[in-house]
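Protein chains: 2
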Amino acid sequence: MSAFKIHDQLLRDCHVLGRLERSHVLLHRNALLHWFILVPETDHLDVLDLEKTIRLEVVGEAASLSFVLKKRLSYPKVNFAAIGNVVPQMHLHVIGRKPGDSVWPAPVWGHLTAASSYSAEQVSTIVDLLTTDCGLRENG
Amino acid sequence: MSAFKIHDQLLRDCHVLGRLERSHVLLHRNALLHWFILVPETDHLDVLDLEKTIRLEVVGEAASLSFVLKKRLSYPKVNFAAIGNVVPQMHLHVIGRKPGDSVWPAPVWGHLTAASSYSAEQVSTIVDLLTTDCGLRENG
Chain Y
1 MSAFKIHDQL
11 LRDCHVLGRL
21 ERSHVLLHRN
31 ALLHWFILVP
41 ETDHLDVLDL
51 EKTIRLEVVG
61 EAASLSFVLK
71 KRLSYPKVNF
81 AAIGNVVPQM
91 HLHVIGRKPG
101 DSVWPAPVWG
111 HLTAASSYSA
121 EQVSTIVDLL
131 TTDCGLRENG
Chain V
1 MSAFKIHDQL
11 LRDCHVLGRL
21 ERSHVLLHRN
31 ALLHWFILVP
41 ETDHLDVLDL
51 EKTIRLEVVG
61 EAASLSFVLK
71 KRLSYPKVNF
81 AAIGNVVPQM
91 HLHVIGRKPG
101 DSVWPAPVWG
111 HLTAASSYSA
121 EQVSTIVDLL
131 TTDCGLRENG
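Heads up: the sequence lines are chains Y and V, in that order. According to our numbering, the first sequence is numbered sequentially starting from 1. According to our numbering, the second sequence is numbered sequentially starting from 1.
These are computed hints drawn from the structure, not numbers from a lab. Some hints here could point you the wrong way.
One copy or any two copies: either way a pair holds, since identical chains are not told apart in the list.
[As the list claims (entries may be wrong)] Lysine-lysine pairs mimicking BS3-like chemistry, simulated, CA-CA at most 27 Å apart:
no., residue 1, residue 2
1, Lys-98, Lys-5
2, Lys-5, Lys-52
3, Lys-98, Lys-52
Fair warning: this is a prediction, and the values are worked out from it, not measured in the lab.
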């Protein structure tokens, strides 16, 4: 799968943080809330079409990001979704939510219009968290 | 878990179709597209917090609904999400989508405003499909 490429739209919207066993890990550039996007290396488009053991691993990777959102970044709630109506390449949203956040209780898609940016230092801190807690490693 | 009750808001929004091993299966009353909602019998609120083997089973049940949407109801695309910002009880959306549907490519939440209703016969046909393909059984 060395020819695998992350979709251009995802690259425009996100910081690329690294990878886990099955998936690349992105961070949406909008820093109003922590919004991770997992991009599994697969040609399937829908996560529910994945073969059972691979699906288990991919959802397990989402759970490890959810752990970081809840235990390290203090979010009480995580939104988890695989939509892909606009960008067809399979990608899973794992988003930290809390009552009173910028768009609460609406879902982020189509509602999160205000924007805030991460500093390079903030991105680096998140990479460190995921490296320690999820086994994130560099792409390559 | 005999005291388990499906949240009132979900009961208002949906037809109750029956249950699988882990979850109750609902069908959103808006018939513009087939929109299943799984309600696992658990006190956890976020699907990614479920213990690994239970999570696998619940996501497997979502995959069996996705199979019906794609193979029996001819949807090319399935949206899968666990949000729960408004109704806190864990529930998973498994939604059949196709280019050109009422809100394509937007997600349904907050966008699907037009409405259409199922006849009792249409609901019964869907129950039959899920009984055959997913092992749906009556609640109780």
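> Checking Lys-98 and Lys-5: alpha-carbon separation at most 27 Å within a copy, between copies, both or neither?
Replying inline: between (33 Å within a copy, 25 Å between copies)
> Between copies, within a copy, both or neither: which fits Lys-98 and Lys-52 at Cα up to 27 Å?
Replying inline: Classified as between: cross-chain Cα gap 24 Å, same-chain 32 Å, threshold 27 Å.
>> Regarding Lys-5 and Lys-52, is the shortest C-alpha distance of 27 Å or less found within a copy, between copies, in both, or in neither?
In response: Classified as within: same-chain Cα gap 23 Å, cross-chain 30 Å, threshold 27 Å.
Going down the numbered hints, you'll see the structure goes against none, and every one checks out.
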